[in-house]
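Participant: For reference, the chains in residue letters:
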Amino acid sequence: MKKWTKITMKAAIMFLAALLTGCASNKPSITVYNWGDYIDPKVNDLFTEETGIKVVYAEYANNEEMYATVEPGNVNYDVIFPSDYMIEKMISVDMLEPIDTSKLTHYTQIDERFKALQFDPENRYSVPYMWGTVGIVYNTKMVNEPVDSWDILWNPKYKGQIFMYDSERDSIMVALKKLGYSMNTRDKAQLEEAKALLIEQAPLVLAYVGDEGKGKMANEEAALMVAWSGDAMVMIEENPDLAYAVPKEGSNYFVDSMVISKGSKNIEAAHRYIDFLCRADIAAKNAAYIGYSTPISAAKDLLPEDVKNSEVAYPNEEMINNPLTEMFNDPSDLIEVYSNIWTQVKASNS
Amino acid sequence: MYRKSLAYPYLIWAAIFIAAPLLLIVYFSFFKDGVFTLHNYQKFLEDYYIEALIRSIHLAFVSTVICLVMAYPLAMILSSRQMTNKEIILLLVVLPMWMNSLLRTYAWASLLENNGVINSILNALNVPKVQFLYGNGAVIFGMVYNFFPFMVLPIYNVLCKIDRSLVEASYDLGANKITTFRRVILPLSMPGVITGMIMVFMPALTTFLITRLLGGGKVILIGNIIEEQFTRTRDMGFGSAVSMILMLIVLGTLSFMSKKDSLDKGGGLF
Chain A
1 MKKWTKITMK AAIMFLAALL TGCASNKPSI TVYNWGDYID PKVNDLFTEE TGIKVVYAEY
61 ANNEEMYATV EPGNVNYDVI FPSDYMIEKM ISVDMLEPID TSKLTHYTQI DERFKALQFD
121 PENRYSVPYM WGTVGIVYNT KMVNEPVDSW DILWNPKYKG QIFMYDSERD SIMVALKKLG
181 YSMNTRDKAQ LEEAKALLIE QAPLVLAYVG DEGKGKMANE EAALMVAWSG DAMVMIEENP
241 DLAYAVPKEG SNYFVDSMVI SKGSKNIEAA HRYIDFLCRA DIAAKNAAYI GYSTPISAAK
301 DLLPEDVKNS EVAYPNEEMI NNPLTEMFND PSDLIEVYSN IWTQVKASNS
Chain B
1001 MYRKSLAYPY LIWAAIFIAA PLLLIVYFSF FKDGVFTLHN YQKFLEDYYI EALIRSIHLA
1061 FVSTVICLVM AYPLAMILSS RQMTNKEIIL LLVVLPMWMN SLLRTYAWAS LLENNGVINS
1121 ILNALNVPKV QFLYGNGAVI FGMVYNFFPF MVLPIYNVLC KIDRSLVEAS YDLGANKITT
1181 FRRVILPLSM PGVITGMIMV FMPALTTFLI TRLLGGGKVI LIGNIIEEQF TRTRDMGFGS
1241 AVSMILMLIV LGTLSFMSKK DSLDKGGGLF
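Heads up: the protein sequence lines correspond to chains A and B, in order. According to my numbering, the first sequence is numbered sequentially starting from 1. According to my numbering, the second sequence is numbered sequentially starting from 1001.
Pairs of lysine-lysine residues, derived as DSS-like cross-links and limited to a Cα-Cα distance of at most 30 Å, are as follows:
hint: 1; chain 1: B; residue 1: K1032; chain 2: A; residue 2: K262
hint: 2; chain 1: A; residue 1: K248; chain 2: A; residue 2: K308
hint: 3; chain 1: A; residue 1: K195; chain 2: B; residue 2: K1032
hint: 4; chain 1: A; residue 1: K115; chain 2: A; residue 2: K262
hint: 5; chain 1: A; residue 1: K103; chain 2: A; residue 2: K262
hint: 6; chain 1: A; residue 1: K103; chain 2: A; residue 2: K89
hint: 7; chain 1: A; residue 1: K103; chain 2: A; residue 2: K42
hint: 8; chain 1: A; residue 1: K141; chain 2: A; residue 2: K159
hint: 9; chain 1: A; residue 1: K42; chain 2: A; residue 2: K300
hint: 10; chain 1: A; residue 1: K300; chain 2: A; residue 2: K54
hint: 11; chain 1: A; residue 1: K188; chain 2: B; residue 2: K1043
hint: 12; chain 1: A; residue 1: K265; chain 2: A; residue 2: K103
hint: 13; chain 1: A; residue 1: K115; chain 2: A; residue 2: K308
hint: 14; chain 1: A; residue 1: K195; chain 2: B; residue 2: K1043
hint: 15; chain 1: B; residue 1: K1032; chain 2: A; residue 2: K89
hint: 16; chain 1: A; residue 1: K89; chain 2: B; residue 2: K1043
hint: 17; chain 1: B; residue 1: K1129; chain 2: A; residue 2: K157
hint: 18; chain 1: B; residue 1: K1129; chain 2: A; residue 2: K159
hint: 19; chain 1: B; residue 1: K1129; chain 2: A; residue 2: K141
hint: 20; chain 1: A; residue 1: K42; chain 2: A; residue 2: K54
hint: 21; chain 1: B; residue 1: K1032; chain 2: A; residue 2: K188
Just a few of them, taken from the derived set where beta-carbon distance is under 7 Å, the chain B residues facing chain A:
hint: 22; residue: N1114
hint: 23; residue: N1115
hint: 24; residue: Y1134
hint: 25; residue: I1220
hint: 26; residue: R1232
hint: 27; residue: R1234
Calculated from the model, a selection of chain A residues having no Cβ within reach of chain B, i.e. all distances over 12 Å:
hint: 28; residue: P28
hint: 29; residue: D40
hint: 30; residue: Y57
hint: 31; residue: W154
hint: 32; residue: A189
hint: 33; residue: E249
hint: 34; residue: I267
hint: 35; residue: R279
hint: 36; residue: P304
hint: 37; residue: V307
Rather than coming from a laboratory, the hints here were simulated on the basis of the structure. Where is the CB? At the ideal position from N, CA and C, for every residue including glycine.
Using the sequences provided together with the hints, build the complete structure.
Facilitator: If you want it as structure tokens, here you go:
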């Protein structure tokens, strides 16, 4: 018996040693944590080909999930792609490593209007990756009237034909905008009004969907859906009867940016990766694949005509400069209020 | 001594992966920033949380009963001696479990869509469209589908082990089939039934995946609330408190069910 124990122990140790040396091999690598479906899958291979740096790639479904994974600090991702308000939050709790933009050879190509944004006014921590808007995707065969207002999502005519996102931020944003308030309001009374409005809407809603909503919408499961512009591009490509509109009451405009997380051991490699994604041909590859809008004009010029001229992905400046089009602020202090509202809305109808 | 030491690996395992996390949950639910508080439990008293809890118990109970009603006859047929090819049927019951339940539930979500495969078939047969998804019905269906094998297997095991001579004795003493079933087979199979009920009820009570995919996010169960606390709201204290409440309910159910002394006779899990 003892002999066997020794042999198995030895085997286990050798196995572990093999694993460890495998990890410690001198081939450089970086770990990247990005949104699901948010990169052209070929791009990581291209990066490894050119630089010899291996990319370990993982995905998350939303900012909050990413934060919940990264915040405890026991997993270390080098490059992450949070949205505006999440970057603000991560800066405030000191989770980000400063980025030296002088090391990024393609940094100057990024359009000036995507730099020095409110969440990172000095461009110290983030490099913009993609941007987009929130609007309504609708099926032109089922909706005959013009779609230009959030009001249509409260129209009883479309009972059982509306998809909302299962995301408190985006849904409460819709209700606040319909009411004419700011999406960043801290006013409890306004939030209560938004809650009442969403509860009023609940009987009309077919489902509160996640990523599976894209496919369902393309499959004509519903007539209307609140969606991000990039997802709208993908859906319209699948089903040409779909169209996208940003309501006149204003909406959310977001920028997802690349950041380096605090304590990263591969800061040099992370800079190279970020720089690589800023190269016009690579940015164009990604933008063409995922449907979101690139902040790099040189990359936009490389896109196919129909994408480049799409009002969905590249709306006119007027829409972006509309004072009613806002960016989210960090909602940390309100997160419990938001979550309570959302639970009540979803529970109101079952 | 030698035999006892064989249990050490498991004890260490249990301490690290069962006891320690459990203590952490207790701690998180009662302490906020190191100060003792009942806030997390008070928060649960809001009517919409209580409603979610009641709804969870209700739906889990309904699916358990449906599973039982379907599984018992199947287990009886499978355990009867005349049955040939029973391995194949058992395999068919277990086969879906070889695949990830997330994938299977996704598959149902698209099969049952308003424009899905099943509705297209109905349409071709001139049957009006049925909205299967986005409600309690779809959630119960998902629970029954996912947890059915957990009901069949324990009942089948117990039925196979029943001593045939007891059944024969019952017939010899003049009991008819119904009486024999009621007075002999059913009581002897209770351990399997109870195990099966527990094995179905518990995962059904805590599921969050089925409600999200088949319920269209409109059916909020207690599992969804816990999941949201940990992944989105990051309120670990409240999430832990809800988990504690859920565990107490499960514990209560278990101790109520194991009161039945028939459990001692083997075949049962608890």
